[in-house]
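One line per chain: the protein sequences are A and B, in this order.
If you count the first sequence from 1, position 177 lands on 177 in UniProt numbering, and the numbers rise without skipping.
If you count the second sequence from 1, position 167 lands on 167 in UniProt numbering, and the numbers rise without skipping.
It should be emphasised that the hints constitute simulated quantities derived from the structure, not laboratory data.
Just so you know, these numbers come straight off a predicted model, no measurement behind them.
There could be a bad hint or two in this list.
Derived pair list, reagent style SDA-like, types lysine to any residue, alpha-carbon separation capped at 25 Å [unchecked claim]:
hint	chain 1	residue 1	chain 2	residue 2
1	B	Lys266	A	Val210
2	B	Lys266	A	Ile171
3	B	Lys266	A	Trp136
Counterexamples of contact, computed for chain B against chain A with all Cβ distances above 12 Å [stated by the list, open to error]:
hint	residue
4	Leu8
5	Leu25
6	Glu41
7	His92
8	Glu120
9	Gly151
10	Tyr224
11	Ala250
12	Ile273
In this text, a Cβ means the ideal position worked out from N, Cα and C, and glycines have one as well.
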Amino acid sequence: MTTQLDEQTERADAPEPAAPPRAPRITPVEWLRTPRPPLRLSRPVSLALGAAGVVALAIVPFVNPSWINLHVALVLIFAIVAMGLNLLVGMGGQVSLGHAAFFAVGAYTTAVVGAAGVPAVATLPLAGAVAFAIGWLFGIPALRLQGLQLGLVTLALALVTPPAIRQLDEITRGSRGIGIDGDPPAGVPLDQDQWVYLLALLVFVLAWVVTARMARGRIGRAFVAIRDAELVAETLGVAVQRTKVRLFATSAAYAGVGGGLYAMLLEFIGPENFGLTLSISFITMIVVGGIATVPGAVLGAAFVQAVPAIAGEIDPAAAGFTYGVVLLLFVFFVPFGLIGVIRGALAPLVDRVPWLRPRRLR
Amino acid sequence: MDLLLQQLVDGVAAGAIYGALALALVLVYRASHTINFAQGEMALLGAYLSWQFVAFGLPLLAALAVSVLACAVLGMGIERVLIRPLAKRNQHLPMIITTLGLMIALNAVIAWVWGHQTREVPPVLGQGAVEVAGAALSRQDLVIIATVLGGAIALAAFFRFTRTGLFMRATVGDTESARLSGVRTGRMLSVGWGLAGGIGAIAGTLIAPELFLQPGMMAPVLIYAFAAATLGGLDSPLGAIVGGIIVGLAENIAGTYVPWIGSEFKQGLALAIILVVLLLRPAGLFGSRKVVRV
C-alpha cells in the first residue's frame, strides 16, 4: 500500500513531459460539456441508416417474446411524446412539467371512444386532436407567462391530473380504471402486442419525419426566434402569441397520440398511471437524450425505460432516486445529453471518411 | 352560520401552513430567482426528522429544533453546491430541472429510509380543541396560527432591524451594488435558502399531525403553497402569508359549499387560482412589477 502511494507521489513530482503544440488538452468533464453541431451525413447515408433502423425495428415483434415487444413499444411511445416535448422545450424554450396530463387525455380519449365502438386505429387521430384542443385552451392563458411561471403552472397541472381523473368518475370510471380493447381488427393475423407495436412504430416514423421537417422549416425558425429573442421576433413579423400556443398544442397532440397508443398497449389504465413521476420522466427523457434534437428523444426514451427497471430491482424507491440524481448529473456534467456524447465520439470518424459527408462539405 | 364560522377558522389554520411554505418559496425566489420545486419535499424531510428524533426520545420541541437546523443547513448546501453555479450563468431551464431532480430524489430517499406506512407526529400541545366564538379550533391549529404569525413578525423584524436582514434586502434589490458596498452577497443568498429550509421544516412538522406523515403528504400542500405565493406575489414575504390565508379560506369554503369540488378536487382550485392570478395580475397582490426593456 505504502509503495503504491510513494509511486504516485514520485510520479506527481516528476517534471511533466513537454506538451505537443497541438490542440489544447481538455478534461473529460470539459469534453462532455462541449456543445456540438449535428453530424452532417450525406443524404444517401442518412436515408440508408434510417431505413435500416426502421427495418430492424419492424423485425423485432416477429422474433421476440411479447414482454420484449412491450418494452420496445413503450420506448417508441415515449419517444413520440419526447419528440413533441422537445419541440416545445428545446425549440420553443417553453417549459412544460405537465405533459402527463395530455398523455392522460389521449389515453382516456382512446379508452372512452373505443368503448363506444369506434375501431382502435381511428381513435388515435382523435386522441391527438382532443389533446391538441385541450393544449390550445390551456396554452392561451398559460403561455402569457415566462419560463419559470409556466413551469409552476404546468407542474400544478401534473399534480392535479390524477385527482381530476378521479373526479370525472362518470367518464373515466375514477380509481376503478378503465379497460381498452387493443386487439387488431378482424382479419389481421397478429397478436395484440405485435399489432400495437407496429402501430407505434408507424406513428413513431411519422412523428420523426414531421418533427425533423418542422424543425428545419419556416415554423421551426419562428420557434427558435421566439425562444432566443421574443421581442425581436415580434418586430420581424412573427405572431408570437399564436405561434407559442400552436407549438404548445402541437406538442400536446404528440403526447395525446402517445397516450392513445399507451392505452392500447396496456389495455387497462387508471389515474395512478399519470402521476407526477410520468411528467418528470418525460422531462428526464429530453434532458438525458439531448434538448432540441430529434434522435435525442429516442435515446432519452430508451434510457427512461431501461434504467428504472434495473434500479427498481434494488428497491422500488431506487427508480425515483435514479431519475432525480440522473437529472442533476446531466444538468451539471452532460448538458447536451447523450446525443452530444455520441456526436463527440463519432465526429472524428465522419471527418475522416469523406463519403459519409454531403458532397459540398468534402 | 356555525358551519361557515367553522370553515373560516379551519381555513385560516390551513392557510397559515400554506403561507409558511409559500414564504419559504418567496425567500428562495428572492435569493436565486428560481422556484424551489423541492421545497415541499424539504418540508417533508423536516417532518420526518422531527418524527425520528421524537422516536429517539427527544422532547418534541427539541426534535423540531434539530430538524429545523438540519433543513436550514441542507438548504444552504443546496444553494452553494447546485444553484449558485447555474444562477451565475443565468440559466433558468437547468435551475428548474435541478430543483425538480432534487424533489424526486429527496422524495425517493425519504420513501427508501422511512417506508410508505404512515407515522404519527405528536401535536405540540397535545390533543383536544378550544372553543372560539362557537367554532372548535384544535390545539394544534392554534399552535400553527400562533407560530406562523409569530414567525412572520420575527422575520419582518429580522429584515427591518438586523444587519444581516438589511444586507439580504440589499442583495436582493441590487446584487452588484451590494457586493461593491462590501456585502458578502453569496452568503446572503445562502442565508435566504437556509431560512427557507428551516421554515419549511417547521411547516412540515406542524402539519404532519393533521395529514398523517407519509411520503406523498406534501404534494397537495405544495400546490396550495404555489397558489399562495403566486397570489401574494412571488417576491413579497407579506404577500405569501396573506396569499396563504386567502387560499386556505377559499379551499375550505369551496370544498364545503360547492358540491362538485368536494374534498377530492380541491387541488384543482389551486391550479385555477394560479391561472386566474397570473392572467389578471401577474405580479400578484403585493409583488413588484417587472419592466422589460430592449
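Right, here's what the structure says about each hint:
1. Between B:Lys266 and A:Val210 the CA atoms are separated by roughly 40 Å; this puts the pair beyond 25 Å, and the hint is violated.
2. Proposed proximity of B:Lys266 and A:Ile171 is supported: the alpha carbons are some 19 Å apart, at most 25 Å.
3. This hinted pair checks out: B:Lys266 and A:Trp136 have alpha carbons roughly 24 Å apart, not beyond 25 Å.
4. Non-interface status of B:Leu8 relative to chain A is upheld: no Cβ of that chain comes within 12 Å, the nearest being about 24 Å off.
5. Non-interface status of B:Leu25 relative to chain A is broken: a Cβ of that chain comes within 12 Å, the nearest being about 10 Å off.
6. With a least beta-carbon separation of about 10 Å from chain A, B:Glu41 fails to lie farther than 12 Å from that chain, contradicting its non-interface assignment.
7. Residue-level check failed: B:His92 sits 5 Å from the nearest beta carbon of chain A, not beyond 12 Å.
8. For B:Glu120, the requirement that its beta carbon stay farther than 12 Å from each beta carbon of chain A is met, with the minimum near 21 Å.
9. Consistency note on B:Gly151: stated as away from chain A, and its beta-carbon is indeed over 12 Å from all of that chain's, at 24 Å minimum.
10. Consistency note on B:Tyr224: stated as away from chain A, yet its beta-carbon is not over 12 Å from all of that chain's, at 10 Å minimum.
11. B:Ala250, annotated as away from the interface, keeps every beta carbon of chain A farther than 12 Å; the closest lies near 15 Å.
12. With a least beta-carbon separation of about 9 Å from chain A, B:Ile273 fails to lie farther than 12 Å from that chain, contradicting its non-interface assignment.
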